[in-house]
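Q: The lines below spell out each chain.
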Amino acid sequence: RKEVEQDPGPFNVPEGATVAFNCTYSNSASQSFFWYRQDCRKEPKLLMSVYSSGNEDGRFTAQLNRASQYISLLIRDSKLSDSATYLCVVNVGVDKLIFGTGTRLQVFP
Amino acid sequence: DTGVSQDPRHKITKRGQNVTFRCDPISEHNRLYWYRQTLGQGPEFLTYFQNEAQLEKSRLLSDRFSAERPKGSFSTLEIQRTEQGDSAMYLCASSQPKTRLAGGASSYNEQFFGPGTRLTVL
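Chains as they are written, first to last, in the numbering used here: chain G, 846 to 954; chain R, 620 to 741.
Just chain R, same shape as in the assembly (with noise of 0.2 Å):
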């Protein structure tokens, strides 16, 4: 399977736990994108990495939240001291790097979604 995986696909965890999450990306794709995703809501944009660097982070992303990609490669989502509202499926997808296209636009590149890891807080 060459798709984005993810792993745990299910975690519970007590109130109070840390929990550790890591997405794989498709290989050759240099952009790697967290959200989540409550129940009845669509996903919500976490933060985004290029390549090894961290770009964006959604204001969503409090100070338990962590993440990583160190090597540009697979990537992991820490959330330290879980409450029961990060109860979530946690996505992630990946995607191609931009190309620049005639007039200076810049191509929007599918992002592929791994099954997600749903986390459960007690």
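If we strip away everything but chain G, and leave its shape as in the complex, we get (with noise of 0.2 Å):
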């Protein structure tokens, strides 16, 4: 079983639809926890960090569940910018960064 599970997708979505994305960690010790975007043969940036109280930045949600080792992020008003792969990330201890396979979110016009 992977460490950090998520659906690979596609996801194609119309401009301004709401796009949600789930992911689920397998160690409980687990302590930080990231959604990171990559774009097509781009290296992964840091879209946001998820906190257990949800946090918001602008159009993007995040959630984290830690009884149930579950993470989400929320799209609302899907851009055709927001085209990409969504990565489901946790940290284990000393910053060593544990990665998803990547949800590919296509928005199409």
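No lab work stands behind these hints, which were simulated from the structure alone.
What you were told as hints is all true, and nothing was included just to trick you.
Straight-line alpha carbon distances no greater than 20 Å define the calculated PhoX-like cross-link-like pairs of lysine-lysine that follow:
(1) K924(G) with K890(G)
(2) K676(R) with K941(G)
(3) K887(G) with K630(R)
Being a predicted model, the structure only gives us computed values, none of them experimental.
Given two chains presented individually in distinct reference frames, assemble the corresponding complex, making use of the accompanying hints.
A: Right, dumping it as structure tokens:
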């Protein structure tokens, strides 16, 4: 079983749609949680950290459920520029990042 | 450009050859990480350095792989006797030192990734 599991997609949504990605992790000792964004053939970039209290950054909302070991990302009012792969990431111990396989999002006009 | 840089960006080699990649981190960052990413997968942790000390190595890092950071600045990743299964994107990342927060917890400092070196082994 992978340490971080995500639905690989692709998710094909029209502009303006709301889309949600989910992820589960297996290591209960995981300390920090993130969503990274990766454009095609580019490096991953931090999108946002995820906290138990939930956090929002503009159109993006992330949520963590430690009891269920579940992380989510909600994107509202999707833009064409949101098309990318979204990587669920868990930090175990000494800043070793464990990445999911990524969920590919394609927003169409 | 003050971000993480990697060289070369692309490398094509024949099976059995040795290859070496270089990573230059952001100048004030003392932590440096190597990851490997294959098609359709997320990056996988290989190893990391704090200054010149290599503090952790993944089981993915076989004896054919070696990483160094001799002066605590740039790092090199060498793959000896390359195999077709080594074909991947090799990503380097760097971060600032962790700081101690109130209550004893340590901060998480964002890892900034370089553009990667894409290796193709024929």
